[in-house]
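Asker: As they're listed, the protein sequences go chains G and Z.
Heads up, the first sequence is in the numbering used here, so the first residue is 1 and it goes up one at a time.
Heads up, the second sequence is in the numbering used here, so the first residue is 1 and it goes up one at a time.
Calculated directly from the structure, the hints in this document are not laboratory data.
Glycine included, every Cβ here is placed at the ideal spot set by N, Cα and C.
Each hint should be verified, as a subset may be incorrect.
What the hints assert, rightly or not - Below, a sample of chain Z positions facing chain G; criterion: calculated Cβ distance under 10 Å: (1) ALA33; (2) TYR45; (3) ALA49; (4) CYS118; (5) ASP126; (6) ARG131; (7) ALA149; (8) ILE150; (9) GLY152; (10) ARG174; (11) TYR202; (12) GLY222; (13) ALA234; (14) GLU237.
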Amino acid sequence: MLIALPDGSRREIAGDIARIEDILKQLCINPEEVIVAKNGRIVSEEETAGGSDELKIVRFVHGG
Amino acid sequence: MLNDAEKKRYSRQIRLFGEDGQERLLRTSVFIAGAGGLGSVISLYMAAAGFGKIRICDCDTVELSNLNRQILHGSADVGRAKAKSAYESLTDINPEIEVEALLETISEENVDQLLQGCDIIMDAMDNFPVRYLLNRAALQRKIPLFHGAISGYQGQATTIIPGKTACLACIFPRAPPASVFPALGSTCGVIGSIQVTEAVKYVTGTGKLLENRLLFWDGLNGCLDEMACERNSACRECRDS
Numbered sequence: 001m002l003i004a005l006p007d008g009s010r011r012e013i014a015g016d017i018a019r020i021e022d023i024l025k026q027l028c029i030n031p032e033e034v035i036v037a038k039n040g041r042i043v044s045e046e047e048t049a050g051g052s053d054e055l056k057i058v059r060f061v062h063g064g
Numbered sequence: 001m002l003n004d005a006e007k008k009r010y011s012r013q014i015r016l017f018g019e020d021g022q023e024r025l026l027r028t029s030v031f032i033a034g035a036g037g038l039g040s041v042i043s044l045y046m047a048a049a050g051f052g053k054i055r056i057c058d059c060d061t062v063e064l065s066n067l068n069r070q071i072l073h074g075s076a077d078v079g080r081a082k083a084k085s086a087y088e089s090l091t092d093i094n095p096e097i098e099v100e101a102l103l104e105t106i107s108e109e110n111v112d113q114l115l116q117g118c119d120i121i122m123d124a125m126d127n128f129p130v131r132y133l134l135n136r137a138a139l140q141r142k143i144p145l146f147h148g149a150i151s152g153y154q155g156q157a158t159t160i161i162p163g164k165t166a167c168l169a170c171i172f173p174r175a176p177p178a179s180v181f182p183a184l185g186s187t188c189g190v191i192g193s194i195q196v197t198e199a200v201k202y203v204t205g206t207g208k209l210l211e212n213r214l215l216f217w218d219g220l221n222g223c224l225d226e227m228a229c230e231r232n233s234a235c236r237e238c239r240d241s
């Protein structure tokens, strides 16, 4: 699974299918600060990902 | 019908969407939530474009540290209510439209009253709890909400059409932790301008809206990116709409 991280770097992670929530935990990313797209589509933390999925993790902002 | 002065004032954009489009803008009543960084850009461009009625709401006074980005307000406005300087700037840029500037805190208690008579909502807030209030009000009234947010060089925008697109809570189910955010005027310029462009397209029926698409601006690397989103059937806010 290929993961694009909020800092712009990319990381390949091998392993079984996992919940997005657990993947974020593994990457030490606070789920409250990011949204995650799986294969280009925003998904909730309850979704799972693995295999050839591509995840993109983006830090969203709240200022105005 | 546009009068001669209106035909002249808006001539360069009438080329884009015709006199009919301009008349639609003039008939549109806008609520702008906030007169800060995003609210400055949004309100100035909406006033200049001839949105006929602008209601802008902010509870704060102008501080010196606002002036790097909040271009509605000038140095002489420090200490004055943002609503007052907003009113002056907007009526100066376009005296032909109706401007209402309210010194109010947007809350669950007054949001319905503040939105009375408005056709569209522009999100220029600096926090998610009030954004969720606006989102709920947009869903109830079935009027669009044009979302934008910034921090530093980064920003995001999307267009929410009740009953058609993901709502704000579908995309952002929970608010990020509150924090003091860095702010650059030009980032407000990018995101606020995208929001106004969306509103113009919506009202005039032109182009393709940012529906079910969340646009990201990364000014530090000069990149635009987008993510697809969809309605969440379990969304606490819009599942019944």
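Asker: Each of the hints needs a verdict: does it hold here or not?
Answerer: Quick rundown of the hints versus the structure:
For the restraint placing Z:ALA33 at the interface with chain G, the shortest Cβ-Cβ distance is roughly 9 Å, inside the 10 Å limit, so the hint holds. At its closest, the beta carbon of Z:TYR45 sits 15 Å from a beta carbon of chain G; the interface hint therefore is violated under the 10 Å criterion. Given the 10 Å rule on beta carbons, the hint for Z:ALA49 is violated: about 20 Å separates it from the nearest Cβ of chain G. Of the supplied interface hints, the one on Z:CYS118 is violated, with its beta-carbon coming no nearer than about 18 Å to a beta-carbon of chain G, more than 10 Å.
Residue-level restraint check for Z:ASP126 holds (minimum Cβ-Cβ distance to chain G is 4 Å; threshold 10 Å). Proximity of Z:ARG131 to chain G holds as hinted, the smallest CB-CB distance being about 8 Å (cut-off 10 Å). Residue-level restraint check for Z:ALA149 holds (minimum Cβ-Cβ distance to chain G is 5 Å; threshold 10 Å). Residue-level restraint check for Z:ILE150 holds (minimum Cβ-Cβ distance to chain G is 5 Å; threshold 10 Å).
Hint status for Z:GLY152 relative to chain G: holds, with the closest Cβ pair at about 8 Å, below 10 Å. Satisfaction of the interface hint for Z:ARG174 is found here, the shortest Cβ-Cβ separation to chain G being roughly 6 Å, below the 10 Å cut-off. With a least beta-carbon distance of about 20 Å to chain G, the hint placing Z:TYR202 at the interface is violated under the 10 Å criterion. Checking Z:GLY222 against chain G: minimum C-beta separation of about 12 Å lies over 10 Å; hint violated.
At its closest, the beta carbon of Z:ALA234 sits 9 Å from a beta carbon of chain G; the interface hint therefore holds under the 10 Å criterion. Proximity of Z:GLU237 to chain G is violated relative to the hint, the smallest CB-CB distance being about 14 Å (cut-off 10 Å).
Consistency note: the structure conflicts with the earlier hints numbered 2, 3, 4, 11, 12, 14.
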